[in-house]
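There are 2 protein chains.
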Amino acid sequence: MYSQIGIIRVVTTSDDHVLYAHEKIIKSFLPSLNMVTQSIPDQLHGIYDSASEEVAIPKIIKLALEMELAGMDGIIISCCTDPALDLVREKVKIPVVGAGQAACLMAKAISTKVGVTSLTDQIPENLKNQLGNCLVAYQKVQGISNTLDLLNKSGKESVIQSANFLISQGAQCILLGCTGMATIGIANFIEQDLNIPVVDPIVASGSLINYLVNRNKWQVRA
Amino acid sequence: MYSQIGIIRVVTTSDDHVLYAHEKIIKSFLPSLNMVTQSIPDQLHGIYDSASEEVAIPKIIKLALEMELAGMDGIIISCCTDPALDLVREKVKIPVVGAGQAACLMAKAISTKVGVTSLTDQIPENLKNQLGNCLVAYQKVQGISNTLDLLNKSGKESVIQSANFLISQGAQCILLGCTGMATIGIANFIEQDLNIPVVDPIVASGSLINYLVNRNKWQVRA
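In order, the protein sequence lines correspond to chains P and C.
Take the first sequence: its letter number 172 is residue 172 in my numbering, and every next letter is one higher.
Take the second sequence: its letter number 51 is residue 51 in my numbering, and every next letter is one higher.
None of these hints come from the bench; they were simulated from the model.
Treat the hints with caution; some may be incorrect.
As the list makes no split between identical chains, a pair holds if one copy fits it or if it spans any two.
[Said to hold, decoys possible] Simulated crosslink set (SDA-like; lysine to any residue; CA at most 20 angstroms straight-line):
id, residue 1, residue 2
1, Lys-59, Leu-194
2, Lys-24, Gly-143
3, Lys-113, Ala-137
4, Lys-93, Pro-197
5, Lys-140, Leu-151
6, Lys-27, Met-1
7, Lys-113, Asn-126
8, Lys-24, Trp-218
Note that this is a predicted model, so its numbers are computed, not measured.
Whole structure, please, built from the sequences with the hints as guidance.
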């Protein structure tokens with residue numbers, strides 16, 4: 001009944017609160033998923049531009065292959081740029097969720113007018129492609145350059161400011177385009193404060209991997 | 001803890017086995033969802049072409065509004081052409097899942113090469129649009145003209161034949177593009193027999209509405 005899920009963190013950290021933040025969120029609402037979290041090495045600031053993404057890709061593939069070999073039933077790549085997602089899917093036989101794709105798929109089930117906030121000047125290409133004509137606006141969170149900055153008090157304020165801007169641009173759903181925003185637990189805060197549905201990429205990822213690993217068991221054999 | 005989900009069936013039937021088939025499937029893997037199934041009236045053969053869809057749309061909207069008024073937390077429109085989906089989303093405040101969109105979103109999380117089988121000569125527009133460049137092939141199930149034909153023994157054989165054709169065209173995931181194919185419980189059969197992941201639109205819908213109605217509770221407030 002229990003499924004084993006590997007979570008690949010793309011930020012290297014020795015802070016257990018940060019490292020296990022995503023598995024704790026998912027475990028809280030999907031207790032039948034057992035999770036094993038591992039960081040890729042030597043990536044102290046995570047993925048925040050194309051260079052840091054490029055260097056991360058072989059590390060993610062290596063870790064995914066190790067997780068499959070260790071008996072995991074599914075893998076979450078816990079980063080909204082979906083680094084190495086297609087490559088990993090080609091190489092492993094188990095289901096693989098990318099946090100960015102998961103968030104986009106769920107957001108499209110909520111609204112055709114999605115606003116995205118993330119850490120880069122331009123919207124990550126994968127989010128733009130997945131959302132297609134459901135994307136109405138994008139804004140980089142002001143004053144934040146990597147996932148660790150989000151942990152500061154002003155990080156939360158800056159995400160709320162971005163959400164407000166996206167609403168002013170016609171967004172009817174906010175997609176948090178950085179899994180660091182899940183770590184700081186801001187989705188519900190924005191949702192209630194600004195009265196708009198907010199997609200937390202980790203909640204979306206957990207829900208999606210739960211479908212993917214249990215799909216076979218759930219389907220009725222007539 | 002329990003959520004109330006309204007299921008809108010677009011085929012009018014007095015056969016309880018058919019009427020409650022979809023809620024039974026979802027209940028089997030999501031016991032915390034309470035479901036209320038209702039058919040739209042005077043639609044004995046369901047939705048199988050544009051004329052039968054057009055006449056169904058106002059009936060679906062009316063039923064959805066009644067379901068919201070009755071206190072449902074979410075609604076599933078149990079038809080793969082997603083009839084009235086956008087219109088219903090505009091009119092009600094609760095989350096609404098269309099079986100077609102749900103199946104497409106989940107299929108995209110599995111593969112970029114999706115084959116679709118359904119009952120119409122051409123692939124339903126909504127499935128084509130949702131899948132975008134992840135759609136590799138479509139085939140109408142041979143010898144089937146509406147959802148009730150699927151209940152015959154030859155119906156199952158015909159769906160399997162279509163799946164085989166789609167695989168020959170490069171599909172690496174099969175999307176069952178008619179909720180009548182969920183009713184006959186064929187997804188797992190194809191999956192195991194042909195060794196390919198198969199998306200059952202009702203399993204996808206249940207999983208998606210579960211995310212949508214529980215999202216708020218699941219999100220962590222830091």
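Hints, verified against the model:
no., hint, in the structure
1, Lys-59 <-> Leu-194, "neither (39 angstroms within a copy, 33 angstroms between copies)"
2, Lys-24 <-> Gly-143, "neither (28 angstroms within a copy, 50 angstroms between copies)"
3, Lys-113 <-> Ala-137, "within (8 angstroms within a copy, 29 angstroms between copies)"
4, Lys-93 <-> Pro-197, "between (34 angstroms within a copy, 11 angstroms between copies)"
5, Lys-140 <-> Leu-151, "within (16 angstroms within a copy, 52 angstroms between copies)"
6, Lys-27 <-> Met-1, "both (15 angstroms within a copy, 17 angstroms between copies)"
7, Lys-113 <-> Asn-126, "both (17 angstroms within a copy, 17 angstroms between copies)"
8, Lys-24 <-> Trp-218, "between (25 angstroms within a copy, 11 angstroms between copies)"
Hints 1 and 2 from the list above are not met by this structure, while the remaining hints are.
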